[in-house]
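Trainee: Now for the letters of each chain:
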Amino acid sequence: MIAHLPALQVVIPLISAPLCALLPAGRAVWLAAMTASWLAFLMAALLLNQVLAHGPISYLMGSWPVPWGIEYRVDALNAYMLLIVAGIGAIVMTFGRVIVENRIRLPENKQPWFYTAYLLCLTGLLGITITGDAFNVFVFLEISSLSSYVLISIGRDRRALTAAYQYLIMGTIGATFILIGIGLLYVMTGTLNMGDLAARIPAVADTRTVRAAFAFLTIGVSLKLALFPLHLWLPNAYAYAPSVVTAFLAATATKVAVYVLLRFFFTIFGAKFSFEIMQLDKVLLPLALVGIFSASVVAIFQTNVKRMLAYSSVAQIGYMILGISLASVAGLTAGISHLFNHALMKGALFMALGCISFRVGAARLDRMAGVGRAMPWTMGAFVIGGLSLVGVPLTAGFVSKWYLIVGALEKGWWPVAVLVLVTSLLAVIYIWRVVEVAYFKPAPERGGVREAPLALLVPTWALALANLYFGLDTSLNAGVARLAAQGLLGVGP
Amino acid sequence: MASGERVAGGGPKQVQILGHYNYWVFILLMMCGFYVVISSGNLVKKLVGLNIFQTSVFILYISMGKIIGGTAPIVIHQPVVYSNPLPHVLILTAIVVGIATTSLGLALVVRIHEAYGTIEESEIHAQNEEEAL
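If you read the protein sequences in the order shown, they are chains H and F. If you want my numbering, it's the position in the first sequence, counting the first as 1, plus 179. If you want my numbering, it's the position in the second sequence, counting the first as 1, plus 2.
Simulated from the structure, these hints should not be mistaken for laboratory data. As the structure is a computational prediction, the values presented were derived from the model and not from experiment. Beta carbons are placed, not taken as given, at the ideal position from N, Cα and C, and that holds for glycine. Any given hint might turn out to be false.
[As the list claims (entries may be wrong)] Partial list, computed: chain F residues near chain H (C-beta under 8 Å):
(1) V39
(2) H90
(3) L106
[Stated by the list, open to error] Selected chain F positions facing chain H (in silico; Cβ < 10 Å):
(4) L62
(5) G107
(6) E123
Taking the hints into account, I'd like the entire structure generated from these sequences.
Mentor: In structure tokens, the structure reads:
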């Protein structure tokens, strides 16, 4: 059983998805989906434990030897990502039932399909993360993307439909670019296994085909991870999707795309090719900085809080890419640990916002007046998530910002470090706008706004407390990230 | 392309360009499809463009496995020249993905038409703007 964990990690949610479609609407289907997602989380935790104790795991699908068969390869980076995706997947699923029953545009008898799509999306994201085969990445990417288009389109607002359509167009272009890149690599090397690709690329690295493959992969993945200026699909998709979907996608989907970027840049092409020959940092660094700055400024002027947080996500992705473009152990540690920390903070924020819109009926700022007194627990979780987003010490967000500044100063790029601090202040402004309205504006007369039900509050607070916990004990979020960074750069611990 | 690297230095340039016929078609189709996706304001036409864009990649994959005169990879007695079946199998997967994407896209267009009464991007945008005011 333990030996087959890497396969089960993907197979269990995959099998559960059609099972959920067969179950009748109600508690049973939710329980089934929840069991599957918590099992996935348990397996991810076991895998991480195993990798930390015994080193990377290589699992051969159907015992076909590499490079003929598909290999699942789990090292510190994968295992860490699996834990993030499966953990968020499980917590958001716990949160999801009340939202699905009340606030999505699906008649009751169609609700099991929501769980099917959700589990398929989870399967795709876990699959991208665990596989060691380049083409398999594309297949799982499309599984997760197609199901996420469906998930977004069931938001109550009709604009959810156009947002999903727009994401479908952009996402498919991105995925097709990735497909072209993988094809060009296959032409040159005759292999799809990531380890095998890494071994064979240096011999043919100085050809136009490999450089073109590199360009296609970079653009394709950047579209999926919403790197500025390829982020245009993201704000609408996040703003109009149901809050449970937004919380899940914001905390996992873009993170997994960042993981794919790391895998291709460092494991397959190698840091030397990506950063010394192709000089990728000269492209990524300015884009990341402009993205952080402009998205933070735009976030300040949003009236829809969900949309505001979506722009903030674009900025946070900029921090991750900034860390990656430093291409040093400290920089990569910052980028990778921000994957984890951002998942925690955005998960908590979007879930708290989901609680608010559940009671208030909308995520608009003007509707949130006085919510701080009517829903103290929900707003408490929102404030913790917000502090973590800003990067206040003793929260998870501080850890990644700290490494980012250390990494920038190590390279002597003090203007970058200053910009990181300044843009954190921009985050203070947009979080403060919400806090001000929620706590200091008098509540309107309509009344009737009560604290969110426990089924929503408990998962939200679980993530909020995780933000505090991982701000104090950094052995998991920063420790394993450092290990993964060292693995990517090929330097010993 | 790979074959380009291999024949570099040998043979006149004309032959190279003609020899890359499939790859030129790939680039041409890809650019046509991409252009339609970007320029068209009609949601269905956008999907048509997206389809052409995806189909072009099928040609890329199919071309790279093909050897002129090669047969199916069935080894009977003596070694035979065969076309590499792997890219062809891979692209079957991508074709399935393409169908799924198109059908989902069209389903969304149907729903958009129900909700907005139009499938022109500019009109949808105008309705959204009005709603925001």
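Trainee: Taking the hints in turn, state whether each one holds.
Mentor: Status of each hint after checking the structure:
1. V39: Because about 6 Å separates F/V39 from the closest Cβ in chain H, which is inside the 8 Å limit, the hint holds.
2. H90: Result: violated, 12 Å to nearest chain H Cβ.
3. L106: holds (6 Å)
4. L62: holds (6 Å)
5. G107: holds (5 Å)
6. E123: Cβ of F/E123 sits 8 Å from chain H, so the hint holds.
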